[in-house]
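A.B. asks: Below, each chain spelled out in residue letters.
4 protein chains.
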Amino acid sequence: MAAASNFFSIVAGVGAGTGRSVALKFAKTYPVVLLARNPQNYESIVQEIKASGGHAIGIATDVSSPQSVTNAFSEIQKEFKDKKLAAAIYNVGGRFVTKPFLELTLEEYETGFESNGKGFYLFAQAVLPLLLDAVPSSPHPPSLIITGATASLRGSAKMASFASGKFALRATGQSLAREFGPMGVHVAHALIDGVIDIPRTKDWPINGGAPDGKISSDAIADSYWYLHTQPRSHFTQELDCRPYVEKF
Amino acid sequence: MAAASNFFSIVAGVGAGTGRSVALKFAKTYPVVLLARNPQNYESIVQEIKASGGHAIGIATDVSSPQSVTNAFSEIQKEFKDKKLAAAIYNVGGRFVTKPFLELTLEEYETGFESNGKGFYLFAQAVLPLLLDAVPSSPHPPSLIITGATASLRGSAKMASFASGKFALRATGQSLAREFGPMGVHVAHALIDGVIDIPRTKDWPINGGAPDGKISSDAIADSYWYLHTQPRSHFTQELDCRPYVEKF
Amino acid sequence: MAAASNFFSIVAGVGAGTGRSVALKFAKTYPVVLLARNPQNYESIVQEIKASGGHAIGIATDVSSPQSVTNAFSEIQKEFKDKKLAAAIYNVGGRFVTKPFLELTLEEYETGFESNGKGFYLFAQAVLPLLLDAVPSSPHPPSLIITGATASLRGSAKMASFASGKFALRATGQSLAREFGPMGVHVAHALIDGVIDIPRTKDWPINGGAPDGKISSDAIADSYWYLHTQPRSHFTQELDCRPYVEKF
Amino acid sequence: MAAASNFFSIVAGVGAGTGRSVALKFAKTYPVVLLARNPQNYESIVQEIKASGGHAIGIATDVSSPQSVTNAFSEIQKEFKDKKLAAAIYNVGGRFVTKPFLELTLEEYETGFESNGKGFYLFAQAVLPLLLDAVPSSPHPPSLIITGATASLRGSAKMASFASGKFALRATGQSLAREFGPMGVHVAHALIDGVIDIPRTKDWPINGGAPDGKISSDAIADSYWYLHTQPRSHFTQELDCRPYVEKF
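Protein chains in written order, with the working numbering: chain A, 316 to 563; chain B, 316 to 563; chain C, 316 to 563; chain D, 316 to 563.
Next comes chain A alone, as it looks inside the complex (with noise of 0.2 Å):
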């Protein structure tokens, strides 16, 4: 086993809630790239990461273009070539298009697979390589740690882009789980099932104002962290996550 410095992490999506909690989270232990399509998504993180000693870059990555793709990891392998890639997390969320099924555009509906599925498809197989190659010396199983949502599991009325990006997502990741597993990595999906707190939502009547009912997304980056350190022989494929008092 190696020492945690010759390896290093990606997080995909970030933005002020989950990609921002997880990016500091495994800074901690491994350096972090974190790809937006926007820079300003990332800068401030990247600064954030740096101040307190760890190492992070950032790099403008449109996920669902192939050309993006290739050109964000040609820059990855030569910024890390002397490290194994130990994590990757896909929280990229995608357009949040709700509206009567007869009024979504084509284009409106494609949007939740362009997200959630070819954008996961062209991560993954931009990753799994990288990860694979981890394994022997890895201190943690190499993960690949996926964000779902509660439109995984319901396709609700006037949901039909969301919950279809998100359910082809979980399909994926699934199918990546049982393909991936016996080789040693660990491909893990996260149900979030909230709101998170962030400053967007702050004044959203969410649970009815109950102090802590949306999500802390540092809980969230805590829950990716535990799912990257279990051993082999205890791999979580799927939890759920929610305020004590959502409803479910």
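To be clear, the hints were calculated from the coordinates, so they are not data collected in a lab. For glycine and all other residues, C-beta sits at the position ideal for the given N, C-alpha and C. There may be inaccurate statements among the hints.
Unchecked claim - Here are the simulated DSS-like pairs of lysine-lysine, each with C-alpha atoms no more than 30 Å apart in a straight line:
{"id": "1", "chain 1": "A", "residue 1": "Lys473", "chain 2": "C", "residue 2": "Lys562"}
{"id": "2", "chain 1": "C", "residue 1": "Lys399", "chain 2": "B", "residue 2": "Lys562"}
{"id": "3", "chain 1": "C", "residue 1": "Lys399", "chain 2": "D", "residue 2": "Lys473"}
{"id": "4", "chain 1": "D", "residue 1": "Lys473", "chain 2": "B", "residue 2": "Lys562"}
{"id": "5", "chain 1": "C", "residue 1": "Lys399", "chain 2": "B", "residue 2": "Lys399"}
{"id": "6", "chain 1": "B", "residue 1": "Lys562", "chain 2": "A", "residue 2": "Lys473"}
{"id": "7", "chain 1": "D", "residue 1": "Lys562", "chain 2": "B", "residue 2": "Lys473"}
{"id": "8", "chain 1": "D", "residue 1": "Lys562", "chain 2": "A", "residue 2": "Lys399"}
Stated by the list, open to error - Some chain A residues flagged as far from chain B (calculated, every beta-carbon gap over 10 Å):
{"id": "9", "residue": "Gly330"}
{"id": "10", "residue": "Gln362"}
{"id": "11", "residue": "Gly369"}
{"id": "12", "residue": "Asp377"}
{"id": "13", "residue": "Ser389"}
{"id": "14", "residue": "Tyr436"}
{"id": "15", "residue": "Pro444"}
{"id": "16", "residue": "Ala466"}
{"id": "17", "residue": "Met474"}
{"id": "18", "residue": "Arg515"}
{"id": "19", "residue": "Lys517"}
{"id": "20", "residue": "Asn522"}
{"id": "21", "residue": "Asp537"}
{"id": "22", "residue": "Trp540"}
{"id": "23", "residue": "Pro546"}
Chain A is already provided as a structure; the job is to place chains B, C and D on it using the hints.
C.D. replies: The following block gives chains B, C and D in isolation, referenced to the frame of chain A:
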């Protein structure tokens, strides 16, 4: 309630198995439109239906092409301008790709969503307004019936393409059931868990070669007809079907 | 295949709703045995069946009492010694207790399992040998059909008693489907997700009082008959049913 | 928030595997009460905990006997009258009966519910008031953690007894999570899908004898501790765990 002769039905995805049986079954009551990419897939069925006194037309359609679907429904509107749509069946299988994930091309991965996500979106956009229009007069609640598979519930190893498409289809179907059910349209999803008994599968050693060890497509057609004839006070959203000897 | 007149059926758990409708439906083809704890629950149904030319008997039975079940099946064997059992329906609801967990007595908690676990065990032990015996000759695969509920899939707050019984019933039904399906007996489970339309629920403000907003028990009976008549190449193990306006 | 030393924990169902590991894990922070029918099952664990500087007591308890549970909790109250209950783990396996249904006695069938339904009811009735009492002061949300199994989700052939018990346990756990979660008590259910690595299973040819092909009970203990330490803004209600090579 109007006579059944004022109504028609559409089956998308016809071939030697489920599509043919469903078309023959519904043709006993309604004229049927058969959609398939390749006219060879419907021509003999159209003949069969006509030979037994029914009415059927076939339209070469690629359900994942907006233009092709638009053309098909223009033709349908012309042909059945005096009739309302009582039932629409989405039975598009799509290409069944099974290969190790790292050998799966993007185009192969997307084929699952093309057929079962995008194709269903286009079909549903075209039929739902017609089904809604039939609610007040249809002899049975106008129905949109969807063919699912084992892979609708389970992402098996090496099945990321097919499973992501079937998961997306199920998500979209659930969403439509929740949105359009209260308007009187019955959206149902059948989980076909087994191999269909057709000439192509004749020699497959399924279930140890047990008699009736493959699913009779006529029996599937009966289940779709049963779903269609349920009253609105008792809609089945999902049922499974498998041979008595199938492991599950 | 023998004539239907050589067969009979049993319905356990009859009252004003599902049980009565199922009995009337199956009585059109087979003589029916009605089991209920209280003869008042079956007497008028027996009359109704006889009045329309069918054959029915009622036997006062407590399905959670081994002795009572033994007595009932002795009587059944005597009455139908020349007939084989084509269909057995387990429709025992049990007491519906809903209260805060800390106010729930052990006796109340156990009532769910008594009705839906133990009672079903006793019933299944009695009917399965008879159903197996009918496999070679029955006009349709001999069937054991089970009435489930929303609570078969979901343990709601304050519903620990009912849900634990319905979960146990579903578990046992699945186990029997997997064991006896390959022997030719069809074990099916119906998820009734809604309020049944009976005199007692007439004024319940269900689904905003929408017309047909409660489930027609005759429609449930139709679904049970449909399940019974499926061929062995197409067994449905589980279907749901709910009114078109039901939230789910 | 009070110091951890003002709190204690209870593990019901201890033996060579999960129970022992969970007790050792929680004993690092809290005194632990060990419940098992047979003192032989906890005596050496109590010694182990004491030897490493922890505090533990064992109480011979039959969790499916009301009187036995009452006695145990009297003793617990006496022993820990100044402490509050931070965590209660229900890890009672029960007798694992697997036989053809028609050879299964009523007593054998009921054994599943006795252990996992009735036993859990009695345990939950005893611990929930104590957990509620600890909500304001506990360092982590007071937790009730339940050990499930593959059979919690699947009624396999010849497993009616065990599966009906585990389904009932899951139903009751869900119901409690929904009722007590909003009051601040964390009710979580772990799906253990695989064989535990203990002396008794040493030579079982699980997963082709792959290294780490059985579940480490210490890893399960880590997952229970992780569940216990989640904040109330992020409760996991259910997670699965299985070895990397397990088929699922």
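A.B. asks: With a cut-off of 30 Å on the C-alpha distance, tell me whether C/Lys399 and B/Lys399 pass.
C.D. replies: 46 Å, violated
A.B. asks: What's the verdict on C/Lys399 and B/Lys562, does the C-alpha distance respect the 30 Å limit or exceed it?
C.D. replies: 28 Å, holds
A.B. asks: Would you check the hint for A/Lys473 and C/Lys562, treating anything up to 30 Å between C-alpha atoms as holding?
C.D. replies: 14 Å, holds
A.B. asks: Does the no-contact call for A/Pro546 survive, Cβ to all of chain B over 10 Å?
C.D. replies: Per Cβ check, A/Pro546 is outside 10 Å of chain B; nearest 22 Å; holds.
A.B. asks: Is the nearest Cβ of chain B still more than 10 Å from the Cβ of A/Lys517?
C.D. replies: Per Cβ check, A/Lys517 is outside 10 Å of chain B; nearest 29 Å; holds.
A.B. asks: Any Cβ of chain B at or closer than 10 Å to A/Asp537, or is the non-interface label fine?
C.D. replies: With a cut-off of 10 Å, A/Asp537 remains clear of chain B, as the shortest Cβ separation is near 27 Å.
A.B. asks: Against chain B, does A/Gly369 hold up as non-interface, every C-beta pair farther apart than 10 Å?
C.D. replies: 31 Å, holds
A.B. asks: May I ask you to check that A/Pro444 keeps its beta-carbon over 10 Å from the closest beta-carbon of chain B?
C.D. replies: 7 Å, violated
A.B. asks: Holds or violated: D/Lys473 with B/Lys562, Cα cutoff 30 Å?
C.D. replies: Since the Cα atoms of D/Lys473 and B/Lys562 sit roughly 14 Å apart, the hinted pair holds (cutoff 30 Å).
A.B. asks: Within a Cα-Cα threshold of 30 Å, do D/Lys562 and A/Lys399 meet the stated pairing?
C.D. replies: 28 Å, holds
A.B. asks: Test the statement that A/Ser389 is away from the interface with chain B: the closest C-beta pair must be farther apart than 10 Å.
C.D. replies: 18 Å, holds
A.B. asks: Taking 30 Å as the top limit, are the C-alpha atoms of C/Lys399 and D/Lys473 close enough?
C.D. replies: Cα-Cα ~25 Å, so holds.
The structure is inconsistent with the numbered hints 5, 6, 14, 15, 16 and 17, although it conforms to all the rest.
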